[in-house]
Amino acid sequence: MACFCHLFIEYVGKISLMEGPSMLPTLAVSGELVIEDRLSIHLNPSNISRGELLVLKSPLDSRRLICKRVAGLPGDIVCVDPTGEKAPSTEHVIIPEGHLWIIGDNAPFSRDSRTYGPVSMGLVKAKLRARVWPPTSFQIFRSNMAYID
Amino acid sequence: MSWRARFTALPFWRSGTSDKPNGSSGLRKILYWSPLGIVLCCRIFEVKVITGRSMQPTLNPDWSLSRDVGLFDRTSVLVDEDIGREDIVVLKSPNDQRRKLIKRIVAVEGDTVNTLPPYPFKKVVVPQGHVWVEGDDYYNSDDSNLFGPVRRFPLCLNPCSNVVQVPRGLIESKLLCLLWPLDRFGAIGNHSPPESRAHPAFRRAMAVIERESARRARVTPGPWPGFSPSQQ
Chain A
1 MACFCHLFIE YVGKISLMEG PSMLPTLAVS GELVIEDRLS IHLNPSNISR GELLVLKSPL
61 DSRRLICKRV AGLPGDIVCV DPTGEKAPST EHVIIPEGHL WIIGDNAPFS RDSRTYGPVS
121 MGLVKAKLRA RVWPPTSFQI FRSNMAYID
Chain B
1 MSWRARFTAL PFWRSGTSDK PNGSSGLRKI LYWSPLGIVL CCRIFEVKVI TGRSMQPTLN
61 PDWSLSRDVG LFDRTSVLVD EDIGREDIVV LKSPNDQRRK LIKRIVAVEG DTVNTLPPYP
121 FKKVVVPQGH VWVEGDDYYN SDDSNLFGPV RRFPLCLNPC SNVVQVPRGL IESKLLCLLW
181 PLDRFGAIGN HSPPESRAHP AFRRAMAVIE RESARRARVT PGPWPGFSPS QQ
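If you're matching them up, the sequences are chains A and B in order. So the first sequence is residues 1 to 149, counted in the UniProt record's numbering. So the second sequence is residues 1 to 232, counted in the UniProt record's numbering.
Everything labelled a hint here was simulated from the structure, so no lab data went into it. In this text, all values refer to a predicted model and were calculated from it rather than measured experimentally. Built from N, CA and C at the ideal position, the CB exists for glycine as well. Mixed in with the good hints, there may be bad ones.
Derived CB-CB ranges, DEER-like [as the list claims (entries may be wrong)]:
1. His6(A) with Ala187(B): 27 to 37 Å
2. Arg197(B) with Val12(A): 51 to 61 Å
3. His199(B) with Glu10(A): 43 to 53 Å
4. Ala187(B) with Thr83(A): 47 to 57 Å
Below, simulated DSSO-like cross-link-like pairs (lysine-lysine); rule was C-alpha separation at most 27 Å, straight line [what the hints assert, rightly or not]:
5. Lys123(B) with Lys48(B)
6. Lys14(A) with Lys29(B)
7. Lys86(A) with Lys48(B)
8. Lys125(A) with Lys29(B)
Facing chain B, according to a computed beta carbon distance under 7 Å, are these residues of chain A, among others [what the hints assert, rightly or not]:
9. Cys3
10. Phe4
11. Pro45
12. Ile48
13. Pro59
14. Leu60
15. Glu85
16. Glu97
17. Gly98
18. Ser120
19. Met121
20. Gly122
21. Lys125
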């Protein structure tokens, strides 16, 4: 039975607790439960669109999971940091094949692709589908709701 | 039925026909126990056939008649210290996550590597959370990894390199031992001293030792805490 639960969590999805300030307008600093959808990543790993919320393994520490929004897909040209804070604002990058450009919604408090560059799609673990707790702020995350152009 | 009788009953594949008239109980038991089997065979240990020439001559050497079959350990990924220099690992290709690569870890984070020709820079310090992996056969690059360092500057795409720098999160499992060609069964790397110099095995063993020392000479262990240089 434990094995079944493990397989279900690993391949289908689960409810998990979110933490951290990097996604602040969308997700609170702590105490929110969201539904992670791992099945669609396993079935169709390349089906990721801009503006979706993803859960990934951190490229800096493989044991940590991070949650970020997709800003760029393979082939896109991205300005590394328009504010010029972490990189000169004229620096642009072509995202290579099989990589994503991810950013946090709360830019000043987020370590994301501006710091470590494009991340490989192999690090993506799940998509965030909905927030289920607290019940007053139930919300289904859609990519067109907060589309970053 | 007492508990003793229950536990000494026939195995599940016969139980459907023997004691009960319902034939579905065997199937139900298979369904009940299959998650355990899947977890053991796919999440903890894994048996895989190794294809490709990039790890020659350690794996799939030319003189071998069949492909190698290896036993891989997936749990070692959970502990950073379990995966260090000189380990052979299976990882997702950074460019195409459906492809799996098998490579040897040459350097871990903080190390300085003297790179090989197709790479655009002479020396590279492996960034935090990354490892430097190479195939054992530098010149045979039919797996042609198309990626340079995963850093902020535009990636250098070198179609003929066998050298990659990848985040640890892409590593899936570690090679424990070889299972199939029975003459090379067992853990990799304990090349016994050859008996006579005339035997071709002597040449091979010498080449392996030479390759190993050349590989280690290119890596300067970094001052990163938690990773001591492997003492071999």
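Now for the hints, and whether the structure bears them out:
| no. | hint | in the structure |
| --- | --- | --- |
| 1 | His6(A) with Ala187(B): 27 to 37 Å | holds, 28 Å |
| 2 | Arg197(B) with Val12(A): 51 to 61 Å | holds, 59 Å |
| 3 | His199(B) with Glu10(A): 43 to 53 Å | holds, 48 Å |
| 4 | Ala187(B) with Thr83(A): 47 to 57 Å | holds, 52 Å |
| 5 | Lys123(B) with Lys48(B) | violated, 34 Å |
| 6 | Lys14(A) with Lys29(B) | holds, 26 Å |
| 7 | Lys86(A) with Lys48(B) | violated, 43 Å |
| 8 | Lys125(A) with Lys29(B) | violated, 31 Å |
| 9 | Cys3 | holds, 4 Å |
| 10 | Phe4 | holds, 4 Å |
| 11 | Pro45 | holds, 5 Å |
| 12 | Ile48 | violated, 11 Å |
| 13 | Pro59 | holds, 4 Å |
| 14 | Leu60 | holds, 4 Å |
| 15 | Glu85 | violated, 13 Å |
| 16 | Glu97 | holds, 5 Å |
| 17 | Gly98 | holds, 4 Å |
| 18 | Ser120 | holds, 4 Å |
| 19 | Met121 | holds, 5 Å |
| 20 | Gly122 | holds, 4 Å |
| 21 | Lys125 | violated, 9 Å |
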